[in-house]
Amino acid sequence: MDPVKTATEKRGLEFLRQGGALADFPLLRDARAKEKLVFLDSAASAQKPQVVIDAVDRLYSSEYANIHRGVYRLSQVATELYEGARGKVQNFLGAAKSEEIVFVRGATEGLNLLAHSFVRPRVKAGDEILITQMEHHSNIVPWQLLCQETGAVLKFVPLTADGELELDKLPELLTDRTRVLAVSHVSNALGTINPLAEIVRLAHEKNVPVIVDGAQAVPHLAVDVQALDCDFYVFSGHKLYGPTGVGAVYGKMEHWRAMPPWQGGGDMILSVTMEKSTYAEPPACFEAGTPNIAGAVGLGAAIDYVNEIGLDNLTAYENELLAQGNEILGQVPGLRIIGTSAHKAAVFSFVLDGVHPHDVGTFLDSDNIAVRTGHHCAQPIMDYFDIPATTRASLGIYNTTADLEALAAGLLKIRKFFRV
Amino acid sequence: MSDLRELYQELVLDHGQKPRNNRPIHDCDHEKGCTHREGYNPLCGDKLTLYVKSDGETLDDLCFEGSGCAIFTASSSMLTEALKGKSIAEVREIMDEFIGMLTSGEKVADPEGLGKLAVFGGVKDFPARVKCATLPWRALESILASRENAEGTADGAINSNEDQTG
Numbered sequence: 001m002d003p004v005k006t007a008t009e010k011r012g013l014e015f016l017r018q019g020g021a022l023a024d025f026p027l028l029r030d031a032r033a034k035e036k037l038v039f040l041d042s043a044a045s046a047q048k049p050q051v052v053i054d055a056v057d058r059l060y061s062s063e064y065a066n067i068h069r070g071v072y073r074l075s076q077v078a079t080e081l082y083e084g085a086r087g088k089v090q091n092f093l094g095a096a097k098s099e100e101i102v103f104v105r106g107a108t109e110g111l112n113l114l115a116h117s118f119v120r121p122r123v124k125a126g127d128e129i130l131i132t133q134m135e136h137h138s139n140i141v142p143w144q145l146l147c148q149e150t151g152a153v154l155k156f157v158p159l160t161a162d163g164e165l166e167l168d169k170l171p172e173l174l175t176d177r178t179r180v181l182a183v184s185h186v187s188n189a190l191g192t193i194n195p196l197a198e199i200v201r202l203a204h205e206k207n208v209p210v211i212v213d214g215a216q217a218v219p220h221l222a223v224d225v226q227a228l229d230c231d232f233y234v235f236s237g238h239k240l241y242g243p244t245g246v247g248a249v250y251g252k253m254e255h256w257r258a259m260p261p262w263q264g265g266g267d268m269i270l271s272v273t274m275e276k277s278t279y280a281e282p283p284a285c286f287e288a289g290t291p292n293i294a295g296a297v298g299l300g301a302a303i304d305y306v307n308e309i310g311l312d313n314l315t316a317y318e319n320e321l322l323a324q325g326n327e328i329l330g331q332v333p334g335l336r337i338i339g340t341s342a343h344k345a346a347v348f349s350f351v352l353d354g355v356h357p358h359d360v361g362t363f364l365d366s367d368n369i370a371v372r373t374g375h376h377c378a379q380p381i382m383d384y385f386d387i388p389a390t391t392r393a394s395l396g397i398y399n400t401t402a403d404l405e406a407l408a409a410g411l412l413k414i415r416k417f418f419r420v
Numbered sequence: 001m002s003d004l005r006e007l008y009q010e011l012v013l014d015h016g017q018k019p020r021n022n023r024p025i026h027d028c029d030h031e032k033g034c035t036h037r038e039g040y041n042p043l044c045g046d047k048l049t050l051y052v053k054s055d056g057e058t059l060d061d062l063c064f065e066g067s068g069c070a071i072f073t074a075s076s077s078m079l080t081e082a083l084k085g086k087s088i089a090e091v092r093e094i095m096d097e098f099i100g101m102l103t104s105g106e107k108v109a110d111p112e113g114l115g116k117l118a119v120f121g122g123v124k125d126f127p128a129r130v131k132c133a134t135l136p137w138r139a140l141e142s143i144l145a146s147r148e149n150a151e152g153t154a155d156g157a158i159n160s161n162e163d164q165t166g
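Residue numbers (this note's numbering), protein chains in the order written: chain X, 1 to 420; chain F, 1 to 166.
Don't take each hint at face value.
Some chain X residues well away from chain F (every beta-carbon gap over 10 angstroms; in silico) [stated by the list, open to error]:
| no. | residue |
| --- | --- |
| 1 | D30 |
| 2 | K97 |
| 3 | L154 |
| 4 | D176 |
| 5 | R177 |
| 6 | R257 |
| 7 | T340 |
| 8 | H356 |
| 9 | H358 |
| 10 | M382 |
One side of the interface only, derived from the structure: several residues of chain X facing chain F at Cβ under 8 angstroms [claimed, not checked]:
| no. | residue |
| --- | --- |
| 11 | Q90 |
| 12 | N91 |
| 13 | D359 |
| 14 | S366 |
| 15 | N368 |
| 16 | A370 |
| 17 | G374 |
| 18 | Y384 |
| 19 | P388 |
Some chain X residues close to chain F (C-beta under 8 angstroms, calculated; not the full set) [to be verified]:
| no. | residue |
| --- | --- |
| 20 | T362 |
| 21 | F363 |
| 22 | T373 |
For the record, the hints were derived by calculation from the structure and aren't laboratory data. Glycine included, C-beta positions come from ideal geometry on N, C-alpha and C.
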């Protein structure tokens, strides 16, 4: 190895092309060695690198105590690690202040928090909440619940045949009754990357705040919430190679300060008497109870891991895989890719003529190829394309062209078996 | 793919690709002895409407509409073929044996008693697919239960998600 090269160069684009990252993930490394596992389900949840596992292990082994409470040194160590992770999320999203980052269980909890504390106080009967037809159920159902409760109306930006948002319709859908626009940055079922800066600009022209579901975006592309100017940005740690049960919400401080608390409990108060309580400043007032300390620390380690490789390298590499995948899968007769936007993350959602996705999934599993089949928690997308389900191969930092070739070979075998 | 050949036997492939009794009963009305039940597998999107026509003694007609995988389609198709013309008591016996074969921890004493339906025995080795095979049977179970219960004749929806882990 050339000692002159920096760590970043060593772990850059060429490192990814050679499948170098696979060795960082013990489950994949061992399963690949034993049974040739091809893991193509990172959009559901990504595998974990050793550095994340180690960070969690180290915390519990030698750094653990409850945070924000103890005067003893160990508690201060844990507090610094937890708050340090908040700083890592801040830098990762390009937020101005670390206090603008609230830790949650994941994107789903983040969206529910915002529905409750940000949107609910702004909404009356007849007001409108605008989402899109490509949302994950977690960015649909909280708004349906809120509409049922308040009498507000849920509207959506429709899809095009390529699986893009029909943005021409956006200006007319943003009315003087629209109280919020909630939109995904990247679609989990289609892979489409939405033109977020433009969407935010159009919404802000009508004074409509924008909540972004970034769960599928952060593992694939660099995010700068200040450049995007979005009001909130929500993501999950586990899709970003971090632990489950932790995620974060970025919000502009002016919004956090104006929002009522969500859950009550310890750590979110300044003082409590039997009559009333006064609340801590954001972000503490939105983090009631002992948080997922190890999760946050693990997420911080995951962000360090991704940063070491570089999100720009990752995006460039995944674009290569996307182009190769389109070509390789294009050679499988009867295969139709659902979601053909020119701006996509490395996600291949597809149907195979004459074979249902569940049958495809079971056959691929017998070849140790792990894919997701079903509606991907995005039934409105399936309805739009008039299909019951798709097979989805979603790629991560550890996948290579060889994985796509294995997928195509598996699909050809399936066609032969089903004689289609 | 030796294990998969157990799962996707010729009979399953045939019924999966060319399902029998794959039609609705229009004007399915309780007054005329017809009950229908919708079934869903919410996790995978399998959808089914099962129609059963009975004089109270035997099942005179069974048919289904739906969309799903080969296992689900074949199970629905073979259910309608196997049970048409059978008495309700016979249907119950076959139904309990079929569901037991796929969901109980014990081996079914006499899977051959199921006739052609024993072909689904292999599904048990694929826990994620058990619910595909049981969906039409759970819909039938629900129809029989509602017919037994005078007040429970309302057409509703069921799902076989609890069968997921086999």
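Among the hints numbered above, which are violated by the structure, and what are their numbers in rising order? 8, 9, 10, 11, 12, 15, 16 and 18
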